[in-house]
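S.K.: Hey, can you work out the whole structure from these sequences and the hints?
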Amino acid sequence: MHGRPRKSATPVDENASALKAAKIRSLQSQFLQNHHNNIYTKEAQEINAKLIESNPEFMTAWNYRKLAFEHNLSNQSEVDKEDADHIKLIIDEELRVVENALRKNFKSYGAWHHRKWVISKGNSSTERELRLLNLFQKQDTRNFHAWNYRRFIAGLKDISDEKELQFTTDMINDNFSNYSAWHNRSVLLSHLLEKKVEGYFPKEIFLKEEYELVRNAVFTDPDDQSGWFYHLWLLDQTIKVDMPNLVSSWPPNGSEITNTTFPIVLFFNEPVEGVNLQTVSVQVEDDIFKNIAWSPLSANKFKCGQAWLTHLTIPFGETNSSKIFQVKIRSEYSQGIISSNGVPCSQHWSIAFRVSVCHDFQPEGQSLRRILMTDENFSTVDINSNVMDLFKSYFELASDYEQPTSSKWKSEMIASEIDQYRELLSWAECKIGKLTLARLLMANDAIGTPVAPNTTHVEEVLKLYSELMELDPTHYQYYKDEYSLVFLKQVASSKESLMKYCRQYKESTSSNITGPMCLRLNSLSLSRIGSFERLLWVQSLDLSHNQLPSIEGLEALQLLSCLNLSHNKIGSFMALDPLRFLKSLRVLNISYNEIGAHTVDTRRYLCSSPLSHTLDYDKKFEEFAAGDEKVVNFWEAYSVFGGLDIMQLDVVGNVAADERFKLFLVKLLPALKWLDGEEVH
Amino acid sequence: MSQEFNTNLGTLFAVNLDGPSRLHRRSATQPDQSAPFSDRIDRFDLGLGMGELAAEKHAKYILTVEKKKDDIESVLMEHLRINGAYWGLTTLDILGKLAAVDQETVISWVMSCQHESGGFGGNEGHDPHLLYTLSAIQILALFNKIDTLDIEKVSNYISTLQNEDGSFSGDKWGEIDTRFSYVAICSLALLKQLDKINVENAVKYIVSCKNLDGGFGCTPGAESHAGQIFCCIGALAITGCLHYVDKDLLGWWLCERQVKSGGLNGRPEKLPDVCYSWWVLSSLIIIDRVHWIDKEKLVKFILDCQDKENGGISDRPDDAVDVFHTYFGVAGLSLLEYPGLKAIDPAYALPVDVINRIFLH
Ligand SMILES: [Zn+2]
Chain A
1 MHGRPRKSAT PVDENASALK AAKIRSLQSQ FLQNHHNNIY TKEAQEINAK LIESNPEFMT
61 AWNYRKLAFE HNLSNQSEVD KEDADHIKLI IDEELRVVEN ALRKNFKSYG AWHHRKWVIS
121 KGNSSTEREL RLLNLFQKQD TRNFHAWNYR RFIAGLKDIS DEKELQFTTD MINDNFSNYS
181 AWHNRSVLLS HLLEKKVEGY FPKEIFLKEE YELVRNAVFT DPDDQSGWFY HLWLLDQTIK
241 VDMPNLVSSW PPNGSEITNT TFPIVLFFNE PVEGVNLQTV SVQVEDDIFK NIAWSPLSAN
301 KFKCGQAWLT HLTIPFGETN SSKIFQVKIR SEYSQGIISS NGVPCSQHWS IAFRVSVCHD
361 FQPEGQSLRR ILMTDENFST VDINSNVMDL FKSYFELASD YEQPTSSKWK SEMIASEIDQ
421 YRELLSWAEC KIGKLTLARL LMANDAIGTP VAPNTTHVEE VLKLYSELME LDPTHYQYYK
481 DEYSLVFLKQ VASSKESLMK YCRQYKESTS SNITGPMCLR LNSLSLSRIG SFERLLWVQS
541 LDLSHNQLPS IEGLEALQLL SCLNLSHNKI GSFMALDPLR FLKSLRVLNI SYNEIGAHTV
601 DTRRYLCSSP LSHTLDYDKK FEEFAAGDEK VVNFWEAYSV FGGLDIMQLD VVGNVAADER
661 FKLFLVKLLP ALKWLDGEEV H
Chain B
1 MSQEFNTNLG TLFAVNLDGP SRLHRRSATQ PDQSAPFSDR IDRFDLGLGM GELAAEKHAK
61 YILTVEKKKD DIESVLMEHL RINGAYWGLT TLDILGKLAA VDQETVISWV MSCQHESGGF
121 GGNEGHDPHL LYTLSAIQIL ALFNKIDTLD IEKVSNYIST LQNEDGSFSG DKWGEIDTRF
181 SYVAICSLAL LKQLDKINVE NAVKYIVSCK NLDGGFGCTP GAESHAGQIF CCIGALAITG
241 CLHYVDKDLL GWWLCERQVK SGGLNGRPEK LPDVCYSWWV LSSLIIIDRV HWIDKEKLVK
301 FILDCQDKEN GGISDRPDDA VDVFHTYFGV AGLSLLEYPG LKAIDPAYAL PVDVINRIFL
361 H
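Line by line, the protein sequences are chains A and B. Just so we're aligned: 341 in my numbering is position 341 of the first sequence, and the numbers increase by one with no gaps anywhere. Just so we're aligned: 212 in my numbering is position 212 of the second sequence, and the numbers increase by one with no gaps anywhere.
Quick caveat, the hints were computed from the structure, so don't treat them as lab data. None of the values given here were measured: they were computed from a predicted structure. Hints may be right or wrong, so weigh each one.
Facing chain A, from chain B, some residues (calculated, C-beta under 7 Å) [stated by the list, open to error]:
#, residue
1, Val75
2, His79
3, Ser112
4, Glu175
5, Ile176
6, Cys255
7, Glu269
8, Ile285
9, Ile286
10, Asp318
11, Glu337
12, Ala343
Even for Gly, the Cβ is constructed at its ideal location relative to N, Cα and C.
M.R.: Dropping the structure here:
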């Protein structure tokens with residue numbers, strides 16, 4: 001029971017309770033009998049009213065009241081029907097019963113719904129409802145039923161959003177510690193903004209005042225959460241680009257590549273729908289290709305993804321001479337590309353690159369040698385080698401799809417907030433101050449310069465997150481994840497910073513599988529990865545010896561052929577779900593993780609699975625796992641790895657990787673040549 | 001006295017979801033000096049050295065409550081007896097004690113709650129409602145007896161309650177709430193009848209209830225609440241639509257539900273309560289952000305709410321126990337990988353082996 005002390009009942013208590021129980025039980029059975037026999041006499045209705053008073057949660061009892069109410073209305077005499085006062089009498093009686101029930105239990109769903117139901121019949125006074133609400137909302141300022149009912153009445157009686165906004169201001173001025181009021185404010189302001197009501201549109205008009213209002217709350221008691229989320233919402237309103245946009249691509253604009261068959265990846269700032277032949281054109285020389293199929297790199301059913309993929313084959317014919325083809329990817333009807341909340345992309349963009357076809361290229365001989373990502377096999381990158389060309393083009397060429405330039409008011413507003421929060425921290429060591437400052441600084445960098453990522457404040461932000469880990473250990477891992485993301489943003493921000501983490505394969509190790517260069521982000525204590533839009537060129541990636549429980553987002557790296565994830569915190573095969581999209585993957589190391597060690601799988605609903613209706617159960621699986629089909633690990637490994645041509649795999653050091661499981665893998669992966677360092681025959 | 005009982009009973013989800021408002025301001029968060037941050041993430045050894053789960057006692061408590069019929073608690077629970085049965089039976093299954101129950105009796109009683117419309121009432125002779133229909137289906141699933149149902153009839157009852165805008169009414173009287181969206185979607189998925197409804201519209205309606213904090217309310221514009229968030233996240237998980245969720249924003253809001261005692265509250269500035277161990281935790285697990293809270297402290301909070309003498313778990317330490325909080329406490333511990341408990345699925349709210357049996361075959 002909520003809030004009732006645990007104590008053993010005295011005999012007196014027990015007696016009283018038994019009496020009461022017998023009384024209610026008798027009311028219940030009388031009521032049910034009336035209900036089943038459609039008896040709506042005055043007496044029967046009184047029994048129902050008593051029952052509701054002792055148990056306002058009894059849904060069937062409210063249903064009966066609705067039937068009785070309809071009965072009362074239709075059984076009026078002809079004279080009464082003409083008489084508005086009589087109808088009002090019936091309605092008033094209902095409202096009285098509801099009010100009594102609410103006084104008993106202010107949180108009764110049944111009572112509140114009954115009131116809405118009765119009020120919807122008309123003939124009621126707005127004033128009375130508002131009076132009742134004011135009374136209840138004073139007693140319990142956070143009651144969400146009352147707030148919901150208030151929104152209902154405001155809608156029904158056409159009370160203006162501005163008037164309701166004033167009500168939230170009054171509530172907040174009365175006591176700022178009222179999350180419900182802040183919430184309703186965000187709802188009302190969103191409406192006003194959407195309807196472009198004067199004084200609320202464009203949004204910079206009201207944002208400044210809102211920042212001030214919420215600052216008062218946060219500065220008065222930084223530990224009170226009421227204003228925290230509202231401030232974050234304001235910040236989002238300030239910096240948000242109001243539409244989806246292309247942020248990067250593979251191949252990059254202005255680059256030159258040499259493969260004749262290659263993936264094209266379009267990476268947007270948020271998940272979008274509608275990338276298809278009509279919205280995006282692919283042009284090779286003068287031909288617009290009509291047989292292009294785009295698919296989102298994600299596990300959801302409704303074709304929505306942040307990254308979109310297609311494959312292109314250049315028809316270079318039989319000529320022996322080398323030739324360069326111009327390829328152009330262009331938004332044809334960008335309005336057809338829409339974000340998951342329905343906003344269309346209104347910016348046009350185009351990407352142009354060259355494909356040079358050279359006829360004496362090496363046949364794709366697949367290497368049989370085992371590939372190792374250890375220090376001995378790498379050397380520092382030779383800046384002058386041709387390895388660098390593609391890499392350079394990725395970072396140095398201007399793109400045609402720059403972010404829309406941001407307005408001055410945004411930078412000013414954020415700069416002023418930064419000053420305020422620096423000041424707060426000068427006299428109060430509080431977590432929300434540090435966290436908000438960190439977010440403001442990142443926002444500042446994000447809107448500052450649209451071309452190259454700005455990392456002016458990264459060091460300060462990293463320091464703030466380190467301090468937060470100590471200040472608020474309960475949420476340590478939240479700050480740690482944020483830290484990892486900011487850190488990677490810095491790493492990926494420029495060619496120079498990335499070069500520090502790139503190594504060149506020694507000639508003896510390099511192969512057409514590994515590519516010439518490896519991005520080594522190993523042993524950095526990373527708990528989360530990001531900034532994928534800047535890593536689309538990566539073929540070899542070493543993420544070993546970190547603390548990664550997931551690789552969400554990695555699916556965008558379509559060139560990836562070698563991946564080392566050993567010594568991380570991967571807890572299940574489902575956590576490797578992004579690999580299912582990486583059709584180039586040949587070498588994979590997932591040794592020394594936690595696969596099979598957990599009873600709870602936190603990736604289970606973020607991947608393709610029959611449980612989320614994003615993948616059908618595949619009966620063919622049973623052929624591979626003869627007799628073991630009940631073993632969930634087998635099914636999961638089957639669904640992730642089944643479509644891949646993995647040649648080298650390391651799984652040792654996971655609970656799930658026993659001998660039986662290894663036999664299953666050998667059967668499942670026909671291209672497998674190395675398993676845990678041993679040659680597969 | 002009855003007033004207290006009344007305010008504290010509800011159906012599975014219709015239960016009064018809030019604790020009382022916080023009376024005192026917390027003092028500033030104190031850093032936990034005993035846990036230097038460098039090694040903190042490796043220090044989980046859940047359930048060890050922090051008081052034990054009185055599993056036997058809890059099982060016994062549930063079996064006795066099931067039998068009691070005449071005290072005031074039972075009488076006031078009559079209208080949601082089928083929810084109570086689901087909470088009790090699922091708890092027993094997680095504890096490995098489901099065999100102690102007579103299947104036949106339970107199933108025939110559950111079937112006696114079915115209304116001619118196909119929906120289930122909270123008890124024999126009560127009106128049907130989606131909330132009770134899900135409990136009935138879940139109980140049958142626990143016993144691998146879904147085929148006892150006239151699946152066509154039940155799923156028709158559910159699908160006719162979908163409205164034009166994709167939302168669901170709880171019953172023919174038209175109350176609309178995202179709780180009912182979850183209940184309908186979860187029920188139909190368990191019956192493998194999701195194609196009976198317009199899933200796309202159902203999802204759109206849920207998404208229209210998303211708020212500034214990344215959470216969800218019962219209708220568009222309504223405030224976020226952990227119980228409601230569970231329903232919306234659960235429904236989006238089952239329909240493969242979690243891409244509509246801002247996982248980082250919602251994850252931050254949810255992880256900030258953990259208060260100093262280690263317990264979780266359901267909205268900002270409210271008191272912690274064991275039932276949120278389910279609603280907040282399952283949501284955090286579904287969106288893969290559960291590592292953002294201190295699991296060890298939460299385990300301790302739940303264990304502190306046990307009645308170690310007579311069995312059962314309460315909302316807060318030293319309050320009176322009930323089946324509802326016993327279920328959410330035990331299910332919460334299962335989500336926290338407490339040793340010796342069966343795993344429970346965070347979206348369908350049934351043991352993982354039951355869910356695998358239904359979907360991975
Ligand atoms: Zn509770």
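S.K.: Evaluate each hint against the coordinates.
M.R.: Against the structure, the hints come out as follows:
Interface hint status for Val75 of chain B: upheld, as the beta-carbon distance to the closest one in chain A is roughly 4 Å, under 7 Å. Interface restraint check for His79 of chain B: the shortest CB-CB distance to chain A comes to about 5 Å, inside 7 Å, so the restraint holds. The interface hint given for Ser112 of chain B is broken, as the beta carbon of that residue sits about 14 Å from the closest beta carbon of chain A, more than 7 Å. Using the Cβ-Cβ criterion of 7 Å, the hint placing Glu175 of chain B at the interface with chain A is satisfied: the shortest such distance is roughly 4 Å.
Violation of the interface hint for Ile176 of chain B is found here, the shortest Cβ-Cβ separation to chain A being roughly 9 Å, above the 7 Å cut-off. A cut of 7 Å between beta carbons decides the hint on Cys255 of chain B: the least distance to chain A is about 6 Å, and the hint holds. Satisfaction of the interface hint for Glu269 of chain B is found here, the shortest Cβ-Cβ separation to chain A being roughly 6 Å, below the 7 Å cut-off. The interface hint given for Ile285 of chain B is met, as the beta carbon of that residue sits about 5 Å from the closest beta carbon of chain A, less than 7 Å.
Taking 7 Å as the C-beta cut-off, the interface hint given for Ile286 of chain B holds, the closest approach to chain A being about 5 Å. The beta carbon of Asp318 of chain B is positioned within 7 Å of a beta carbon in chain A (closest approach about 5 Å), and the interface hint is therefore held. Hint status for Glu337 of chain B: holds, given a least beta-carbon distance of 5 Å to chain A, under 7 Å. At its closest, the beta carbon of Ala343 of chain B sits 4 Å from a beta carbon of chain A; the interface hint therefore holds under the 7 Å criterion.
The structure does not agree with the numbered hints 3, 5 stated previously, though it agrees with the rest.
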